[in-house]
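Enquirer: Listed below, chain by chain, are the residues.
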Amino acid sequence: MIILIRRLILGIFLLTMFFVSLGCYTVLKKPGGVMPEGDRHPGEGYYTEDWVRPSYLWYDPFYRWYYPDVCGRWRYYYAYPWWWNDYWYLHPGEDEGIPVDTERHIWDRRRGPGWSSPPSSPGTPSSASRPSQKKGKAEEKPPPADSQKDQERRMPDWGRKPSDRSSPELKSKDRGQQEERKVKGEEQ
Amino acid sequence: MKNNNWVQMRGLRPESSTRDSRQVARCLSMLGVLMVLLVVFLGLVGRPALADESILLSGHFGVGARAMGMGGAAIAVSDDFSALYWNPAALAQVRRIEISGGLSHQRYTCRTTYYGNDAKDRESNTRLNAIGMVFPVPTYRGSLVFALGAGRDRNFDAIFVQRGYSTKDNWWQEGREIQSGGLLAWSVGGAVDVSPTLSLGAAINLWDGDYNYDWDAFFADTRDIWTEWPNDYDTTYIHDVKSADFDGVGIKLGGLLRLSRFVKAGMTISSPVTYDISGELVMMIRDVFDDGDEDQYRETVYFQNEISTPWEFGFGMAWSVPTFLMAADLRYADWSQMKFNDQPLEDYQETLSLSVGGEYILPQVGTKIRAGYSSEPIAYTVPEIVEDREQYTLGVGFLVGQVMTLDLAWVHGTWRTSQSSLTEKDEVDRVFLSVAYRF
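Quick mapping for you: the protein sequence lines, in order, are chains A and B.
Per the numbering used here, the first sequence runs over residues 30 to 217.
Per the numbering used here, the second sequence runs over residues 398 to 836.
If you are wondering where the hints come from, they were derived from the structure by calculation, not from laboratory data.
Cβ atoms here follow ideal geometry from the backbone N, Cα and C, with glycine treated the same way.
Just so you know, not all the hints are guaranteed correct.
[Said to hold, decoys possible] Quick list of the computed label-pair ranges, beta carbon to beta carbon:
hint, chain 1, residue 1, chain 2, residue 2, range
1, A, I38, B, S521, 37 to 43 Å
2, A, W94, B, S815, 47 to 53 Å
3, A, F42, B, Q734, 21 to 27 Å
4, B, S772, A, I38, 36 to 42 Å
5, B, Y834, A, P90, 23 to 29 Å
6, B, D515, A, T45, 53 to 59 Å
7, B, T506, A, F42, 42 to 48 Å
8, A, L57, B, F700, 45 to 51 Å
9, A, W94, B, P535, 44 to 50 Å
10, B, F795, A, P97, 16 to 22 Å
11, B, D826, A, I38, 40 to 46 Å
12, B, E781, A, D98, 54 to 60 Å
Take these sequences, add in the hints, and give me the full structure.
Expert: Here is the structure:
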């Protein structure tokens with residue numbers, strides 16, 4: 030029994046070290062604000078609001094590919110992250126998802142500056158109304174400029190660019206709707 | 398026919414011989430016969446169940462109805478809780494919180510032919526196959542997913558039956574063996590995207606299981622060949638009961654590479670596992686002699702052993718087009734490196750298992766149908782393998798209310814072995830049911 034416990038502790042330790050040592054491609058914390066254009070150096074990465082929002086809305090293109098529109102219900106089940114704050118139900122008789130109660134999500138604090146309305150999913154009718162999400166939450170202030178530069182220099186922009194994240198057919202249909210919704214949200 | 402030569406030689410009248418002295422003499426000779434019987438028994442049946450190490454060669458039972466519906470080809474395909482067992486790196490594909498569970502039902506059929514006599518028996522069991530949850534951590538880029546739960550990856554449920562007259566040993570032999578139990582892996586693991594195309598994962602498996610064995614047999618001198626005292630056996634009954642507990646810890650590492658939108662490749666490495674096995678074996682023998690005397694023998698043996706399994710490597714690929722997916726897996730293990738109490742074992746070989754499967758989504762209906770095939774060679778070399786272990790699978794998957802999946806799979810497996818005058822054909826039919834809820 031003691032030997033078993035020792036092996037278990039060793040295994041947990043190795044597992045923890047494994048995850049700690051895996052580098053920083055996966056980003057958990059919302060990056061800082063925009064680096065001034067004059068401070069951007071060639072070859073170094075930086076984050077912009079244009080990058081942050083689409084990356085947060087990114088979903089695996091494999092599922093968009095494997096589940097075309099004729100079986101789009103599976104796409105909702107597999108592709109869209111749960112922290113999108115919207116929970117989609119396909120109402121009978123309608124082809125597209127309609128957002129329902131968006132106030133129930135426990136990760137509300139994830140919504141910060143950059144979107145005043147929840148991120149939308151492809152195909153949402155632009156006329157769908159959303160309950161107001163701004164419940165008195167203060168916007169985050171950008172960190173001081175120096176620490177912001179240091180933070181951004183440590184985070185190279187790997188591989189994917191915002192323009193690569195969605196399939197071409199999604200880009201034309203969805204980005205237009207996202208932008209439209211963003212504008213409407215800001216107006217509210 | 399009774400033989401009174403012993404009485405004449407000793408110059409004693411049968412009625413004046415003490416019962417105790419005859420029984421002592423018979424006990425001494427019975428121990429000798431017991432040894433002979435054991436050799437005969439082992440030689441005749443050669444049941445892998447008698448060797449703890451070969452219990453672990455029952456093959457991977459499988460976790461998850463979707464994976465099993467595709468023949469177990471899941472290293473590059475699994476994207477639900479079962480990925481914790483097939484390839485932890487594939488957990489990185491899960492984007493919603495998942496709670497899932499599953500059951501499995503097995504029907505095991507054994508057919509034997511022993512000296513021209515056929516026998517058949519069947520046993521069914523329903524067990525918990527898996528239960529667990531997956532939690533993706535919200536990310537701005539990449540993926541970080543954790544999972545924990547339990548999966549039954551090894552199943553020891555089996556049955557064996559044998560009957561027939563051995564012209565070599567001059568006995569009628571009839572026996573029935575029932576094995577039950579399995580290994581449940583309590584696992585915790587996770588996966589992370591380390592680049593846009595590569596995910597790595599790891600899982601710790603705490604193996605916990607039990608094994609129960611019941612061998613009920615009798616040998617009868619139906620042709621009155623064993624008639625000379627003290628070996629004037631009429632019938633011998635044997636009842637062996639064995640129970641054991643298994644404990645072990647292992648680690649599984651995995652990687653998943655997205656080569657393109659169409660192709661994925663995965664790889665797994667499973668560390669050796671040292672199982673601590675402790676239990677008891679109770680052997681009971683009752684002899685009935687031609688003159689009506691009976692002797693009983695009972696012995697309880699407590700044992701504690703260690704069995705170390707070898708490294709296992711897996712490699713899988715998946716190709717997909719819209720609504721159609723194909724996958725293939727290879728798994729390799731060198732069972733000749735298995736050790737029993739730190740001693741190398743003989744009679745085991747390396748194995749290369751192959752699994753292929755496919756999934757198709759019916760348009761408009763949205764139902765998934767699956768099929769697969771797997772070949773998992775038997776690593777134990779003592780019996781001659783006439784037909785190696787193969788399985789054919791079918792499966793179906795439904796999406797319920799857009800938040801729940803219901804998967805069903807049916808697995809049909811067969812293999813045939815031959816040893817001395819005994820041939821054995823085993824068939825398993827397994828049904829897997831998995832339910833997963835995502836929110």
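Enquirer: Taking 44 to 50 Å as the stated bounds, is the beta-carbon spacing between W94/A and P535/B within them?
Expert: violated (24 Å)
Enquirer: Are S772/B and I38/A spaced within 36 to 42 Å by their CB atoms?
Expert: holds (38 Å)
Enquirer: A range of 40 to 46 Å was offered for this pair. Does it hold for the Cβ distance of D826/B and I38/A?
Expert: holds (41 Å)
Enquirer: Given a hinted range of 42 to 48 Å, is it respected by the beta-carbon distance of T506/B and F42/A?
Expert: holds (46 Å)
Enquirer: For the pair I38/A and S521/B, does the Cβ-Cβ distance stay inside 37 to 43 Å?
Expert: holds (40 Å)
Enquirer: Does the Cβ-Cβ separation between E781/B and D98/A fall within 54 to 60 Å?
Expert: holds (55 Å)
Enquirer: Determine whether the Cβ-Cβ distance between D515/B and T45/A falls within the hinted range of 53 to 59 Å.
Expert: Holds, at about 57 Å.
Enquirer: Cβ-Cβ distance between F795/B and P97/A: within 16 to 22 Å?
Expert: holds (19 Å)
Enquirer: Take a look at whether the Cβ-Cβ distance between Y834/B and P90/A falls inside 23 to 29 Å.
Expert: holds (25 Å)
Enquirer: Is the gap between the beta carbons of F42/A and Q734/B within 21 to 27 Å?
Expert: Given a distance of about 26 Å, which is inside 21 to 27 Å, the answer is holds.
Enquirer: With respect to the beta-carbon atoms only, verify the hint that L57/A and F700/B lie 45 to 51 Å apart.
Expert: The hinted range 45 to 51 Å holds for L57/A and F700/B, with Cβ atoms some 50 Å apart.
Enquirer: Could you see if the CB distance from W94/A to S815/B stays within 47 to 53 Å?
Expert: holds (49 Å)
Consistency note: the structure conflicts with earlier hint 9 alone.
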